[in-house]
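K.L.:
Chain by chain, the residues:
Protein chains: 4
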Amino acid sequence: MTRLRLGMVGGGQGAFIGAVHRIAARIDDQWELVAGALSSDPDRSRASAAELGIAPDRAYVSFEEMVRLESGRADRIDAVAIVTPNHMHAAPAIAFLNAGIHVICDKPLASTAQEAEAIAQAAHASAAQFFLTHNYTGYPLIRQARDMIASGDLGDIRVVQVEYAQDWLTEEISNKQADWRTDPSKSGAGGCVGDIGTHAFHLASYVTGLNASSLAADLDAFVPGRLVDDNVHVLLRFEGGAKGMLWASQVAVGNENALRLRVHGTKGGLEWEQENPNVMHFTRFGEPKQILTRAGAGSTAAGQRNTRIPPGHPEGYLEGFATLYTEAANIIRNDQSGTPEAGAHTPGIEDGLKGMRFISACIESSRKDAAWVSF
Amino acid sequence: MTRLRLGMVGGGQGAFIGAVHRIAARIDDQWELVAGALSSDPDRSRASAAELGIAPDRAYVSFEEMVRLESGRADRIDAVAIVTPNHMHAAPAIAFLNAGIHVICDKPLASTAQEAEAIAQAAHASAAQFFLTHNYTGYPLIRQARDMIASGDLGDIRVVQVEYAQDWLTEEISNKQADWRTDPSKSGAGGCVGDIGTHAFHLASYVTGLNASSLAADLDAFVPGRLVDDNVHVLLRFEGGAKGMLWASQVAVGNENALRLRVHGTKGGLEWEQENPNVMHFTRFGEPKQILTRAGAGSTAAGQRNTRIPPGHPEGYLEGFATLYTEAANIIRNDQSGTPEAGAHTPGIEDGLKGMRFISACIESSRKDAAWVSF
Amino acid sequence: MTRLRLGMVGGGQGAFIGAVHRIAARIDDQWELVAGALSSDPDRSRASAAELGIAPDRAYVSFEEMVRLESGRADRIDAVAIVTPNHMHAAPAIAFLNAGIHVICDKPLASTAQEAEAIAQAAHASAAQFFLTHNYTGYPLIRQARDMIASGDLGDIRVVQVEYAQDWLTEEISNKQADWRTDPSKSGAGGCVGDIGTHAFHLASYVTGLNASSLAADLDAFVPGRLVDDNVHVLLRFEGGAKGMLWASQVAVGNENALRLRVHGTKGGLEWEQENPNVMHFTRFGEPKQILTRAGAGSTAAGQRNTRIPPGHPEGYLEGFATLYTEAANIIRNDQSGTPEAGAHTPGIEDGLKGMRFISACIESSRKDAAWVSF
Amino acid sequence: MTRLRLGMVGGGQGAFIGAVHRIAARIDDQWELVAGALSSDPDRSRASAAELGIAPDRAYVSFEEMVRLESGRADRIDAVAIVTPNHMHAAPAIAFLNAGIHVICDKPLASTAQEAEAIAQAAHASAAQFFLTHNYTGYPLIRQARDMIASGDLGDIRVVQVEYAQDWLTEEISNKQADWRTDPSKSGAGGCVGDIGTHAFHLASYVTGLNASSLAADLDAFVPGRLVDDNVHVLLRFEGGAKGMLWASQVAVGNENALRLRVHGTKGGLEWEQENPNVMHFTRFGEPKQILTRAGAGSTAAGQRNTRIPPGHPEGYLEGFATLYTEAANIIRNDQSGTPEAGAHTPGIEDGLKGMRFISACIESSRKDAAWVSF
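Protein chains in written order, with the numbering used here: chain A, 104 to 478; chain B, 104 to 478; chain C, 104 to 478; chain D, 104 to 478.
Treat the hints loosely; a few may be bogus.
A pair counts as met if it fits within one copy or between any two copies, since identical chains are not told apart.
As the list claims (entries may be wrong) - In silico SDA-like pairs for lysine to any residue, Cα to Cα no more than 20 Å straight-line: (1) K370 to V326; (2) K457 to D256; (3) K289 to F388; (4) K370 to S277; (5) K370 to G328; (6) K471 to S316; (7) K457 to A202; (8) K471 to R340; (9) K289 to A228; (10) K471 to A194; (11) K279 to S463.
Treat the hints as calculated values from the structure; they're not laboratory data.
Keep in mind it's a predicted model, so treat the numbers as computed, not measured.
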């Protein structure tokens with residue numbers, strides 16, 4: 104099987120998420136990185152490209168150049184991964200979509216609602232696909248949770264508790280990762296709420312299949328001088344009557360990357376934690392709690408799909424991320440062959456828009472003293 | 104050492120919490136149960152008393168009779184434990200306080216604010232002590248957490264996450280425990296919020312030393328036909344700027360008695376779960392997380408006080424409850440001897456009033472669509 | 104119901120296990136401590152007795168005096184608890200058994216095989232009962248495990264892994280608890296193997312119902328100058344073909360009181376840890392692992408028997424210990440009434456003898472370079 | 104950077120470990136699979152190769168053909184991965200070593216001691232490197248544990264407890280994975296002891312730096328008709344006086360892939376479990392237990408080396424495996440450049456020989472009724 108050709112915007116030396124995207128793209132051997140606008144500095148762009156095995160003539164200094172020159176090649180890239188800070192998503196995304204090149208974009212969708220809308224318009228107008236890397240949806244047990252709920256194992260959902268706690272911004276710090284995330288001109292008006300709150304919100308929606316209809320949010324910037332929120336408390340109301348709470352924090356000392364989801368329905372309950380993603384607790388009301396394992400006893404088809412190794416051999420963050428790349432590859436290949444792909448749940452433009460509405464609603468609600476905001 | 108004499112109102116055959124109080128009173132050998140108004144039915148009162156080794160002439164059929172006859176005895180009871188449903192706290196509590204007999208009362212304080220106020224007036228007017236059995240405060244690691252925070256180990260508190268999840272009321276059921284808790288004429292207007300929400304609220308305040316100044320609450324009665332709330336979502340604001348979330352639920356399938364507290368400050372974080380109460384996680388910012396154990400390495404004086412056995416030998420719910428009885432005994436003995444007791448943090452009438460205001464504020468806020476309510 | 108009258112030999116001020124026995128005796132309200140030979144020093148004996156509410160005329164200075172004077176009383180003690188160091192079990196046990204007074208004795212049975220045999224002869228010759236406080240058998244989930252295995256839930260047992268790890272003797276120390284346990288003239292020839300190895304061995308036998316037929320042991324005294332073993336490695340062979348490993352250590356840094364049992368059969372597997380005794384993991388082959396909780400969903404009659412509070416409210420070490428006292432009380436009362444007690448599994452003299460044979464076999468095997476020793 | 108060229112022997116359609124090797128080789132982008140003798144059936148070899156993007160002219164039908172033709176190419180493979188059953192390691196390994204091509208071989212080294220010796224001779228005679236994929240050594244926290252012990256954080260090691268429990272062979276089954284592992288003509292005389300016991304033994308040695316000097320083993324084949332062991336109990340003695348226990352089982356119901364290591368020394372203790380490999384417990388004697396996380400607070404240089412993402416983002420089995428491939432690539436590149444690689448601890452031929460001696464010693468000891476066997 105021939106690999107699809109991938110380009111990358113951002114992700115030069117020192118970047119975190121760019122390297123993650125590259126590993127994720129390699130794991131299932133569906134992609135080859137062949138082009139990049141890795142840096143706006145010509146020397147760094149070339150140096151980064153050389154390290155990554157990208158041919159010098161495809162080491163671009165801007166995404167505009169990359170779109171223009173790639174579009175003219177017979178072996179042009181099939182898709183581009185956009186791994187820049189939030190405020191630099193919209194321009195390249197729109198350019199590549201307009202050129203008919205598939206886009207794999209990091210989250211949140213953009214830094215402003217206007218940018219997000221513009222991307223959405225471009226996506227709708229383009230024959231190309233738009234994928235948003237809400238990578239936590241790629242964990243096999245998250246897929247299994249989604250299917251268990253859809254098939255009624257939990258009954259009607261009543262309560263959704265989701266949280267995403269970190270502590271790396273507990274004190275004032277300055278480094279490549281922190282700087283843009285705490286600068287509203289780059290991250291957008293949301294800090295923690297955009298960076299990790301959107302992950303939590305998306306995961307809750309993705310797994311339960313529920314649409315949040317309104318929220319009340321209390322946002323804080325606890326670190327003196329911080330310009331964006333670093334702690335987020337949200338009450339959620341879902342269509343159909345379920346209720347939820349969402350907590351996101353980057354100042355919760357003792358937490359590294361503690362994304363945790365709990366869902367309770369009339370018949371059952373589920374609990375899952377990202378830091379040990381190969382297990383999930385499931386309780387049927389009145390029965391002993393079960394420890395479900397990735398690909399283990401009682402796993403569903405969705406739980407076995409896109410998993411690579413037997414139970415007890417832990418898969419991690421990179422494998423979950425890889426699943427999004429592999430699903431994107433399958434969708435693109437099927438597009439090419441005219442066969443729609445079934446069973447893939449890769450987040451896309453609608454998820455991105457919802458995430459942006461979530462951020463906006465949280466900020467608006469918090470400014471109104473946690474009044475309910477519909478969205 | 105002579106045991107103090109204990110009477111009991113409520114707690115006849117089939118009761119849950121009455122038996123707990125009696126074991127708790129026995130564990131540290133400070134109390135002897137000698138009198139009871141265990142049931143309003145004379146035959147059942149006598150039968151229950153006989154089972155418990157209470158002399159027939161002190162097996163009363165009403166608390167009024169008990170107050171009157173005990174008051175006339177030279178060996179009258181030192182204290183009475185009131186373990187009736189919420190709506191039956193006020194009348195006996197006031198009667199015993201008026202008679203100068205110490206009162207140990209289950210929580211919440213009462214079923215209405217009016218009753219609570221009346222108890223408080225009686226308590227303030229009486230020389231007798233009033234103890235409220237927020238028993239979770241009796242766990243040694245909770246005492247240690249309180250002292251660690253008071254001594255600054257966590258720095259300034261920013262975020263408090265507290266939850267108390269059960270699932271036993273997931274479906275409509277009828278039994279002695281469920282019936283009065285879901286009947287507002289007995290439990291008061293609050294269901295879950297009064298029964299376990301108050302425990303969670305009290306624990307958060309007790310450990311952090313923070314006063315909540317306002318809250319926004321979203322209460323639900325998910326089970327069809329239920330007259331009181333069974334799921335409680337609350338945003339909290341504390342004096343000084345800390346923020347919190349409180350979740351209490353009796354319909355969270357997969358939870359037996361999952362009271363959990365997490366506190367995060369500028370310097371450190373703490374996590375504790377009631378179902379495995381002999382361990383607590385503590386992280387100093389930037390250092391590895393520690394597993395603190397009851398009476399184990401690094402335990403503080405408060406963590407060692409009122410613990411009975413070496414680390415690794417688990418103490419449980421009954422021992423934590425016993426600590427309240429032992430502290431009450433110490434306070435009463437010191438009252439008698441004129442020496443004030445230091446180091447005891449047994450909840451009392453003020454905690455009871457705060458708990459009632461918490462219930463009222465939650466109900467009021469929820470009726471106002473989760474508007475902020477000060478208290 | 105009238106309490107049974109309990110006496111105690113040993114357990115004066117500063118003792119650990121004496122206080123544990125007293126709490127255990129109180130918890131279910133079946134016993135009243137009324138006499139004691141708590142210390143051989145007359146002043147300390149009286150002072151200890153006064154603290155414990157024992158009448159001065161029943162504060163004896165020796166067990167011999169206690170046997171003699173109690174035997175002459177109409178209200179003589181029903182049973183005596185012997186909580187002295189190992190080498191001081193035999194003489195009082197035999198004396199009380201000869202006097203027809205029931206004996207509740209701490210483990211191991213004695214410090215030598217000769218003493219053990221002498222106790223056994225006295226027990227067999229006496230109408231009085233002999234109870235041995237292998238208290239870990241009192242945990243409700245241990246009872247449940249025993250019954251699950253007996254009823255075939257695990258199929259035929261193949262592998263038994265049991266371990267009991269502590270670290271308090273990692274370095275040379277001197278205190279009341281350590282001194283006699285590391286002095287072979289008091290503890291017997293076994294150190295760790297007698298103190299905690301016997302608990303582990305007994306628990307494995309008790310739960311599985313299997314008899315060990317031979318063992319190979321490798322014992323070490325790692326701490327320089329230590330006269331008894333402090334680390335014990337044992338291979339076990341059971342009648343019927345099951346195999347086991349037993350590890351006991353008092354120098355395993357990072358362990359407080361880590362007694363852990365795992366049993367694997369042809370159909371299922373069980374895992375339990377004493378430090379969090381309210382949960383047990385159970386797996387039917389090919390199905391998801393279950394988390395069984397004390398008195399929770401799926402608990403058996405044996406798991407519910409002698410448990411006091413609902414699931415999620417942790418019971419601990421003292422409650423498990425209390426169950427032995429309560430079962431002893433039931434057996435004694437039934438003896439008195441002529442009704443045999445069903446369902447109690449309180450360890451007795453045979454368990455004590457087996458434990459002594461286990462110690463001897465380990466020492467013999469280790470001296471023979473871990474040769475197999477039958478027993 | 105140019106990728107190294109990798110060939111593969113074995114690993115055709117339906118294989119487990121071949122796919123693992125391929126992912127591991129891709130993760131850090133150091134390798135490109137360009138040749139394979141994936142199957143002895145020409146059609147399947149070609150089909151498998153096509154799936155994997157191997158050019159048709161490099162899809163060989165035998166390793167002999169592969170050695171011959173690759174040796175003649177200017178772009179010949181840099182290394183070959185041998186992922187066949189144990190009895191098919193020696194012949195290709197020797198052939199490639201003789202051709203001067205680096206070998207990356209799955210474990211155990213071979214199915215017989217004779218084969219192992221022959222490989223070792225070839226490795227010693229060849230300028231090419233020989234790597235053995237004891238992949239569990241690739242976990243960052245295992246590297247950290249090794250360095251912590253080497254630097255004295257645990258003091259002198261006294262006790263090593265290692266176990267590797269699975270349950271997939273609890274019953275008689277027949278499939279591609281089970282068949283060769285339970286056929287002594289393919290697996291060698293050891294079943295469980297060779298398949299996973301060697302991993303456990305190697306891990307214990309690797310982390311502690313201790314050499315085992317003798318062992319006593321009790322092996323069983325519990326499943327009726329099974330020709331190789333499926334449960335392994337071993338006592339270990341190490342040079343310098345440390346003692347150990349090793350348990351390996353494939354019939355321990357309730358275990359998926361439970362490799363667990365605990366090490367206790369005079370100053371500290373460590374515990375690690377493969378199924379949640381991103382945490383490790385560490386206790387300094389007398390201090391609270393710490394939860395060390397991969398790349399987290401307090402991690403050492405060795406713990407940070409070859410880890411790809413921040414703490415809290417779990418890495419898994421495939422990343423640990425990838426580290427071996429990356430280290431092999433570094434060593435090979437440095438060989439080419441003449442610069443020795445520092446800090447890599449990739450297992451090699453000596454580890455393979457020790458593993459074979461471990462298997463032989465276990466089998467010999469077990470045949471002699473668990474007599475001590477030196478090695």
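K.L.:
Next step is simple, just say for each hint if it's right about the structure.
P.N.:
Status of the hints after comparison with the structure:
For the identical chains of this complex, K370 and V326 are inter-copy neighbours only, at 12 Å across copies versus 42 Å inside a copy, given an alpha-carbon limit of 20 Å. Taking the shortest alpha-carbon separations for K457 and D256, neither the intra-copy value of 26 Å nor the inter-copy value of 40 Å comes in at or below 20 Å. Neither within a single protomer nor between protomers do K289 and F388 lie at most 20 Å apart by alpha-carbon distance, with minima of 46 Å and 27 Å respectively. In this homomeric assembly, K370 and S277 come within 20 Å of each other (Cα to Cα) only across copies, at 18 Å, whereas the closest approach inside a single copy is 48 Å.
Proximity of K370 to G328 under the C-alpha cut-off of 20 Å is restricted to the inter-copy arrangement: shortest distance 18 Å between copies versus 47 Å within a copy. In this assembly of identical chains, K471 and S316 lie within 20 Å of each other by CA distance both inside one copy and across copies; the values are 18 Å within and 18 Å between. Proximity of K457 and A202 under a CA criterion of 20 Å is satisfied in neither setting, with 25 Å inside one chain copy and 59 Å between copies. Taking the shortest alpha-carbon separations for K471 and R340, both the intra-copy value of 18 Å and the inter-copy value of 15 Å come in at or below 20 Å.
For a Cα distance limit of 20 Å, the shortest separation of K289 from A228 qualifies neither inside one copy, at 26 Å, nor across copies, at 59 Å. Proximity of K471 to A194 under the C-alpha cut-off of 20 Å is found in neither arrangement, the shortest distances being 32 Å within a copy and 44 Å between copies. Taking the shortest Cα distances, K279 and S463 never come within 20 Å of each other, neither inside one copy (25 Å) nor across copies (48 Å).
The structure is inconsistent with the numbered hints 2, 3, 7, 9, 10, 11, although it conforms to all the rest.
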